Amino acid sequence: MSLQLVRFKLVSLAVLVLLGANVFASGGKDKAAKPAAGGLYSIPILYNGALATVKTSGETVIGKVIKDKFNIEFEFISMTADAQERMNMMLAAGDYPEILRIEGLDIMSKYIKAGAALPLDDYVTSSKYFKERFKEQIPLWKLTGNGKLYNWDWLEPQQFEVGLDINDIGVRTDVLEQQGWPNLLSEDDYVAFLKKGLADNPMTNGQKTIGMVVPLAESWGMSLTNVMIEKGGDYIDTGDNLSTCWNQAEGRFEDVFLNKYTQENIRFFNRLYREGLLDKECFTDFGTQVAEKLNSGRALSVFYTLWLAGGANSELIKSGNSDMQYINMPIRTNTQVKENTKRQIRVEITRPFDSYIITKNAKDPKRLFELLDWASSEEGQVLLQSGVEGVHYTIKDGKRVPTEAFVTGMSADPEYAEKNGFNIFSFLGAAKTFAADGQAYNLLLDANYRDKITLTERQMEAYKKLGWKNSLEYWLKTGVSAPVGLIARVVIDQDNELSMLNQKVTQFRYQAAATLITAKSEAEYQKMLAGILEDYKKLNAQRVVDEYNKVYNELKAGLKN
Amino acid sequence: MAKVGAAVKSRNDVFKIISNQKYLIVLVLPAFILTLVFSYIPLAGWFIAFSDYQLGFSFFSGGWTGLKQFRLFFGETDDAFNIIRNTLAMNVMSLVGGLGIAFIFSLLIKEVSSGRAKKVIQIITFFPYFMSWVILYSVIYSLFSTSTGAINNFLVDAGVLKESLNILGDKKYSWTLIVLVNIWNTLGYNSVIFLASISNVPTDLYEAASIDGAGRLQKAIYITIPYMLPTLLVLFIMNSGWILNSGLDQYLVFTNPTNRPTMEVFDMYIYRYGIKLMNYSYATAVGIIKSVVSIAILYGVNLLSKRLSSRSII
Chain A
1 MSLQLVRFKL VSLAVLVLLG ANVFASGGKD KAAKPAAGGL YSIPILYNGA
51 LATVKTSGET VIGKVIKDKF NIEFEFISMT ADAQERMNMM LAAGDYPEIL
101 RIEGLDIMSK YIKAGAALPL DDYVTSSKYF KERFKEQIPL WKLTGNGKLY
151 NWDWLEPQQF EVGLDINDIG VRTDVLEQQG WPNLLSEDDY VAFLKKGLAD
201 NPMTNGQKTI GMVVPLAESW GMSLTNVMIE KGGDYIDTGD NLSTCWNQAE
251 GRFEDVFLNK YTQENIRFFN RLYREGLLDK ECFTDFGTQV AEKLNSGRAL
301 SVFYTLWLAG GANSELIKSG NSDMQYINMP IRTNTQVKEN TKRQIRVEIT
351 RPFDSYIITK NAKDPKRLFE LLDWASSEEG QVLLQSGVEG VHYTIKDGKR
401 VPTEAFVTGM SADPEYAEKN GFNIFSFLGA AKTFAADGQA YNLLLDANYR
451 DKITLTERQM EAYKKLGWKN SLEYWLKTGV SAPVGLIARV VIDQDNELSM
501 LNQKVTQFRY QAAATLITAK SEAEYQKMLA GILEDYKKLN AQRVVDEYNK
551 VYNELKAGLK N
Chain P
1 MAKVGAAVKS RNDVFKIISN QKYLIVLVLP AFILTLVFSY IPLAGWFIAF
51 SDYQLGFSFF SGGWTGLKQF RLFFGETDDA FNIIRNTLAM NVMSLVGGLG
101 IAFIFSLLIK EVSSGRAKKV IQIITFFPYF MSWVILYSVI YSLFSTSTGA
151 INNFLVDAGV LKESLNILGD KKYSWTLIVL VNIWNTLGYN SVIFLASISN
201 VPTDLYEAAS IDGAGRLQKA IYITIPYMLP TLLVLFIMNS GWILNSGLDQ
251 YLVFTNPTNR PTMEVFDMYI YRYGIKLMNY SYATAVGIIK SVVSIAILYG
301 VNLLSKRLSS RSII
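If you read the protein sequences in the order shown, they are chains A and P.
Counting in our numbering, the first sequence runs from 1 upward without gaps.
Counting in our numbering, the second sequence runs from 1 upward without gaps.
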């Protein structure tokens, strides 16, 4: 055989190997070696964002206790890309970590179908604490796995009274003070308040003041154009499902775009836009830009994204503008104010956008589950959420009392939580319920300590001036618990013919909302709305709504059986 | 027997040619392998446009779905029309504007007598080409954002505008914005190619023209431009093959909810439905449509060029 022919064959072989690797690669990397029985088990964890001071869990106070008890340590790997995108790519490449956070039922289904998620049923059967802690969740979780259990969720189970997490509108307190501490509630209240606020404060620290900011450019940004459906008494948002909402009163899914409160929500934004109160840059602003506008105090208010205002308050204190700090205040549409029904406040029985799985790449899933089982126990939850006795809390009359170091650290040191191991073990679960001592596991969510630890003096003063007993009083008085169980598990499978239509309906709604918000007059708004509704009819979105109701009824029947 | 003899002779001729040109073949081999591995082998992935591909499984494990994804693209909504319109409008304008302005710019640069000034101008115009789209967007944002944009603020302060223009958010500005940004971005790069063609003009032609009394403008019209035209044509034909390739990163940073209807191009759409919404089969089908249309445009432009100027690259 000539040398040239050999070379030709070698090149051909190389090309074939490359072709094969490209086309068939999906199995992922080989399983790493199982750690020696009882030996140190180091597990990489993808962490959304970056930890400033900690690389491994063993460096933290809480993590050290876990390491001493189980000889397991977690190595935190910063993840900055879009989480869902990364999950998809990891599955396509078969390269996923041992424990993985999953956002959404569609991705969960894909991991399950591809055999990337490990079934947990055998472990759960012999678990001491897990099956008891999650007894309400397990049957619902199993619906996604066709009868098998694959996941658990962060912040489950939940109780209405614990950790009420409401995002309405963040308002600058100095402007509230200027206007005599009004208790804002309706659209009209906010429009009048912001107009006067802008007239009284045209400039803030040398920059033009903005009425309201909202990061609509975020991938989830446009979903904020229908969040006010939840401020009334009938409807709740169902998390993952973006094209429909749940009618709590009548027990069925309805079209979210045609919902009257969604329409009022969009109209409210348009009203703000026309009055010059809504930041014109809201469509190009991401969270970072909104945070900058809040940090400098330029914005009189922020819609929904209250978590951005938390950091802003620290910045305002640092810059000597303490009186400008933001507080959370309620908002309802004018109709909702008139109707004055009790607000449906979601209590999530499952959180499909915040689930965890053990993947087939796990070196020792049994050991992992043993830790998870213990983390579900009373002892585990108290450690993970309240910390170590004597360091973070003491016991007085059978109740946990936070130590001074904990209170000071949590309220003044941004790195305290991380260094001590709070909020970094979300993959081990965190129950938002009362512990055996009658207090919330997380003392930051306990009514007796929440405001003291999490609010600044200025914020507490503001609520006092408004006549509130605490920062949650309004919502506790006017809201009722709306448990979201089965409805959060309803999803249109990607194999379903209507899956694409479902996505297009949502995209249509976002586009329509953006168009309507920027209408320059009432006449233009009405004209645009008429055209949009006409186009929407052509989409025949009702098919999607019907499918959701059909799937819901099937799941409901399956759950009964 | 004669046939076998001819075949052996033909094979020997091929080996002889290969042997004679082995160094040239070695030179071209890396490019050939790269093109094969990164451009042709991935075409096997087109299979998923015709099957029910599931993430985490082999490409060939899904059931055959035929042209379903193609029908979805053209049938269910106006997506196909909007995307083809946006992609063609912005890219054709960018291509024509970019090459046209670089063409004129090169002619003007040639006339600058100071070598130093020439270099400074070229460096300044070339610089944006090396900047990422994220940085470019930041620059544009700081100039044109409605509340803090330097140009917007200047125009409002000077009384030219009553209120800031929402250039980044308003869909009526999106095509103009993208075209101008593209021209700014590629001006330096394109002009270097034209300047290279200008440098090939024999200097004795200019000298002869000067003796005949030709001025700068006449020299440019009758000598420089005719020498630049073949380069312009080749660039035009080659770029027309990329006319549907918009560059994802640029559109990712410039697109927002208000300008999406006029900004969404093929690459963005494929990214959104493929990577974000996990419709890989659908996104691949749209990708195939894009490739087919690109090839058609390339051949069309090439044919047109052949007819009009007897010059072509294929």
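Bear in mind the hints are in silico, worked out from the structure with no lab data behind them.
Be a bit skeptical, because a hint or two may be false.
[What the hints assert, rightly or not] Straight-line Cα separation of at most 16 angstroms, EDC-like style, residue types lysine to aspartate or glutamate; simulated pairs:
#1 A/K538 <-> P/D79
#2 P/K276 <-> A/D121
#3 A/K520 <-> P/E163
#4 A/K208 <-> P/D157
#5 P/K68 <-> A/E370
#6 P/K276 <-> A/E275
#7 A/K520 <-> P/D170
#8 A/K520 <-> A/E370
#9 A/K113 <-> P/D52
#10 A/K148 <-> A/D121
#11 A/K196 <-> A/E275
#12 A/K504 <-> P/D78
#13 P/K68 <-> A/D451
#14 A/K318 <-> A/E457
#15 P/K219 <-> P/E111
#16 A/K128 <-> A/E370
#17 A/K208 <-> P/E163
#18 A/K504 <-> P/D157
#19 A/K538 <-> P/D78
#20 P/K276 <-> A/E218
Remember, it's a predicted structure, so these values are computed and weren't measured experimentally.
Checked hints:
A hinted pair counts as satisfied when its Cα atoms are at most 16 angstroms apart, and A/K538 with P/D79 qualifies at roughly 14 angstroms. Distance check on the hinted pair: P/K276 and A/D121 sit about 31 angstroms apart at the alpha-carbon level, beyond 16 angstroms; violated. Annotation: proposed proximity of A/K520 to P/E163 holds, straight-line Cα distance about 14 angstroms (limit 16 angstroms). Taken as a hint, the A/K208 and P/D157 pair is honoured in the structure, with Cα atoms around 13 angstroms apart against an allowance of 16 angstroms.
A C-alpha spacing of about 47 angstroms is found between P/K68 and A/E370, which places the hinted pair above 16 angstroms, so the restraint is violated. With a C-alpha separation of about 35 angstroms, the suggested pair P/K276 and A/E275 falls outside the 16 angstroms cut-off, and the hint is violated. Note on A/K520 and P/D170: the hinted pairing holds, with a Cα-Cα distance of about 12 angstroms set against a maximum of 16 angstroms. With a C-alpha separation of about 60 angstroms, the suggested pair A/K520 and A/E370 falls outside the 16 angstroms cut-off, and the hint is violated.
The suggested pairing of A/K113 with P/D52 holds, with an alpha-carbon distance near 13 angstroms, which does not exceed 16 angstroms. A hinted pair counts as satisfied when its Cα atoms are at most 16 angstroms apart, and A/K148 with A/D121 qualifies at roughly 7 angstroms. With a CA separation close to 12 angstroms, the supplied pair A/K196 and A/E275 stays within the 16 angstroms bound. For the suggested pair A/K504 and P/D78, the alpha carbons sit about 11 angstroms apart, so the restraint of at most 16 angstroms is met.
In summary, the hint linking P/K68 to A/D451 is not supported, as the alpha carbons are separated by about 56 angstroms, beyond the 16 angstroms threshold. The straight-line distance between the Cα atoms of A/K318 and A/E457 is roughly 14 angstroms, inside the 16 angstroms bound, and the hint therefore holds. Restraint check for P/K219 and P/E111: satisfied, since their Cα atoms lie roughly 11 angstroms apart, inside the 16 angstroms limit. The suggested pairing of A/K128 with A/E370 holds, with an alpha-carbon distance near 9 angstroms, which does not exceed 16 angstroms.
Under the criterion of a C-alpha separation no larger than 16 angstroms, the hint pairing A/K208 with P/E163 is consistent with the structure, at around 13 angstroms. As the CA atoms of A/K504 and P/D157 are separated by approximately 43 angstroms, the hinted pair breaks the 16 angstroms bound. Note on A/K538 and P/D78: the hinted pairing holds, with a Cα-Cα distance of about 11 angstroms set against a maximum of 16 angstroms. As the CA atoms of P/K276 and A/E218 are separated by approximately 13 angstroms, the hinted pair is consistent with the 16 angstroms bound.
In the structure shown, a violation is registered for the earlier hints numbered 2, 5, 6, 8, 13, 18, in ascending order.
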